[in-house]
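Participant: Following the hints, position chain B against chain U.
So you can see what is in the structure, the chains are spelled out below.
There are 2 protein chains.
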Amino acid sequence: MLTRIDHIGIACHDLDTTVEFYRATYGFEVFHTEVNEEQGVREAMLKINGTSDGGASYLQLLEPTREDSAVGKWLAKNGEGVHHIAFGTADVDADAADIREKGVRVLYDEPRRGSMGSRITFLHPKDCHGVLTELVTSAAVESPEH
Amino acid sequence: MLTRIDHIGIACHDLDTTVEFYRATYGFEVFHTEVNEEQGVREAMLKINGTSDGGASYLQLLEPTREDSAVGKWLAKNGEGVHHIAFGTADVDADAADIREKGVRVLYDEPRRGSMGSRITFLHPKDCHGVLTELVTSAAVESPEH
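Residue numbers (my numbering), protein chains in the order written: chain U, -9 to 136; chain B, -9 to 136.
Read the hints as simulated data drawn from the structure, not as lab findings. Don't take every hint at face value.
Note that the list lumps identical chains together, so a pair holds whenever it fits in one copy or between two copies.
Distance condition first, Cα-Cα at most 16 Å in a straight line; then the derived EDC-like pairs of lysine to aspartate or glutamate [said to hold, decoys possible]:
1. Lys116 to Glu70
2. Lys67 to Glu57
3. Lys63 to Glu10
4. Lys92 to Glu10
5. Lys67 to Asp83
With the rest of the complex left out, here is chain U (with noise of 0.2 Å):
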């Protein structure tokens, strides 16, 4: 079951300039970065908020480390902006299979490595009405909603 928004994923060409944006409007600060090789990105997450279910919803900030990464390729054809959303889930397995039976591409044949040791995988765009969708279970043992 997913039970919050996770974070919503926002490519940038240059991390340092976003993050001290985001720093400088909002007061939003750094909570945690890394290099996901796989992926082809470098990112900053910056946690905005406690959830319900015990996690927490981010703004994951992403600069392709490479042009012919997935984020690379976005945004030379779309420009800066909102990449995709994401939910969080105790189970990716079973939510992942779950919607798969229901007609919608899972891009992942298993879940991959995202963000701070988390299990993830990703919707196809194309069956989510357009938004590129996550869906993420943390690395932490996460408790049921409340």
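Facilitator: Here is chain B on its own, set in the frame of chain U:
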């Protein structure tokens, strides 16, 4: 101070079909619907989770009521997808004034009526790394972040 992701605004051609997609695929239910003639949209709010500032995070599905509305023009150009993101604050007037002073263009002189009696304004996407960004103060009294 911005204390939560209030909602993600998603533009769609047909509200009923899109609401049904989110219900059937993820189990998200409609929390509220309304027509905002000023904004030229018919909308459905799907509540996803509560937030640590005492508010909540929603998906806001938006169908234009006329082609020459902002969302109607955006849809014609971009197709369905994420139209804007919104941050919640207890004081949209103070935050809008503060952000304007930092050189970011605020689109309204005074906040206007948003979903569920909220007061809203928008920041120019060209000043926000491509992201149309809304600031929202809910109609209900908000508690400080805890």
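Participant: Does each hint hold? Answer for all of them.
Facilitator: Hints, verified against the model:
1. Only between protomers do Lys116 and Glu70 lie at most 16 Å apart by alpha-carbon distance; the minimum there is 9 Å, versus 20 Å within a single protomer.
2. When the C-alpha separation of Lys67 and Glu57 is checked against a cutoff of 16 Å, the pair qualifies only within one copy, where the shortest distance is 11 Å, while the shortest distance between copies is 25 Å.
3. Taking identical chains as interchangeable, the C-alpha atoms of Lys63 and Glu10 are never at most 16 Å apart, the minima being 24 Å within one chain and 31 Å between chains.
4. Proximity of Lys92 to Glu10 under the C-alpha cut-off of 16 Å is restricted to the inter-copy arrangement: shortest distance 13 Å between copies versus 41 Å within a copy.
5. Taking the shortest alpha-carbon separations for Lys67 and Asp83, neither the intra-copy value of 31 Å nor the inter-copy value of 36 Å comes in at or below 16 Å.
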